[in-house]
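Undergrad: Start from the sequences and build out the full structure, keeping to the hints where you can.
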Amino acid sequence: MKATQVLMEEHQVILRVLKSLEAGADRLAAGQPIRSDFFLEAASFIKGFADGCHHKKEEGVLFVKMEQNGVQNQGGPIGMMLAEHEQGRVFTRGMHEAAQRWQSGDASAVGAIEANARNYVNLLRQHIYKEDMILFPMADRAIPSDQQEAVWQGFEHVEHEETGAGVHEKYLALAESLEIEVTSS
1 MKATQVLMEE HQVILRVLKS LEAGADRLAA GQPIRSDFFL EAASFIKGFA
51 DGCHHKKEEG VLFVKMEQNG VQNQGGPIGM MLAEHEQGRV FTRGMHEAAQ
101 RWQSGDASAV GAIEANARNY VNLLRQHIYK EDMILFPMAD RAIPSDQQEA
151 VWQGFEHVEH EETGAGVHEK YLALAESLEI EVTSS
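So in the numbering used here, spot 34 of the sequence shown is number 34, and the numbers just go up one at a time.
Read the hints as simulated data drawn from the structure, not as lab findings.
In this text, all values refer to a predicted model and were calculated from it rather than measured experimentally.
We put the CB at the ideal spot given by N, CA and C, even for glycine.
Watch out, some of these pointers could steer you wrong.
With a cut-off of at most 27 Å between alpha-carbon atoms, the simulated BS3-like pairs for lysine-lysine come out as follows [as the list claims (entries may be wrong)]:
{"hint": "1", "residue 1": "K56", "residue 2": "K2"}
{"hint": "2", "residue 1": "K47", "residue 2": "K2"}
{"hint": "3", "residue 1": "K130", "residue 2": "K47"}
{"hint": "4", "residue 1": "K56", "residue 2": "K130"}
{"hint": "5", "residue 1": "K65", "residue 2": "K47"}
{"hint": "6", "residue 1": "K130", "residue 2": "K19"}
{"hint": "7", "residue 1": "K47", "residue 2": "K170"}
{"hint": "8", "residue 1": "K170", "residue 2": "K19"}
{"hint": "9", "residue 1": "K65", "residue 2": "K2"}
{"hint": "10", "residue 1": "K130", "residue 2": "K65"}
{"hint": "11", "residue 1": "K65", "residue 2": "K19"}
{"hint": "12", "residue 1": "K170", "residue 2": "K56"}
{"hint": "13", "residue 1": "K19", "residue 2": "K56"}
{"hint": "14", "residue 1": "K170", "residue 2": "K2"}
{"hint": "15", "residue 1": "K130", "residue 2": "K2"}
Have a look at the derived ranges for each label pair, beta carbon to beta carbon [as the list claims (entries may be wrong)]:
{"hint": "16", "residue 1": "E86", "residue 2": "E149", "range": "41 to 49 Å"}
{"hint": "17", "residue 1": "R93", "residue 2": "S184", "range": "23 to 31 Å"}
{"hint": "18", "residue 1": "P137", "residue 2": "L15", "range": "14 to 22 Å"}
{"hint": "19", "residue 1": "T183", "residue 2": "Q100", "range": "22 to 30 Å"}
{"hint": "20", "residue 1": "Q68", "residue 2": "L15", "range": "23 to 31 Å"}
{"hint": "21", "residue 1": "Q126", "residue 2": "E9", "range": "13 to 21 Å"}
{"hint": "22", "residue 1": "N69", "residue 2": "A115", "range": "38 to 46 Å"}
TA: Structure below.
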């Protein structure tokens, strides 16, 4: 299995959370009950798993190896993905800050929660599609097979040294909890 397959499998977990986040935003827009903590927990998943683990593997390992093998960053596909990662961080911070304001009694923050949640969902769905269909096949072609082990080792380093043991499992459980919350009520 190629290292990019690991990233595509992680995309499937992220897509599950995007679906839950969209359902949460729908509830919020319809005036249906939903906890402010739902959005804080979704932001925690995004920051810890999507950004803290998954994007670290892309930015710190895969993209570096792609550049070393001739794939352009500035003005190229890697630069576009990095810009989208940063835009996702902006939406996540906005959702988190608005959810905190709502939790503190500021009802006017609901619109910002919904807008940031929807913007993040839309951005990441398109982003994941581009990575799965264009960037990862490009990486598989650009990175020679004798360098694939270095990518694996880099992913393992991120997984075990930078994010810590059990973190992956913690966020998988959180993804499931978010799904259950929006499908059970």
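Undergrad: Which earlier hints can't be squared with this structure?
TA: 11 and 16
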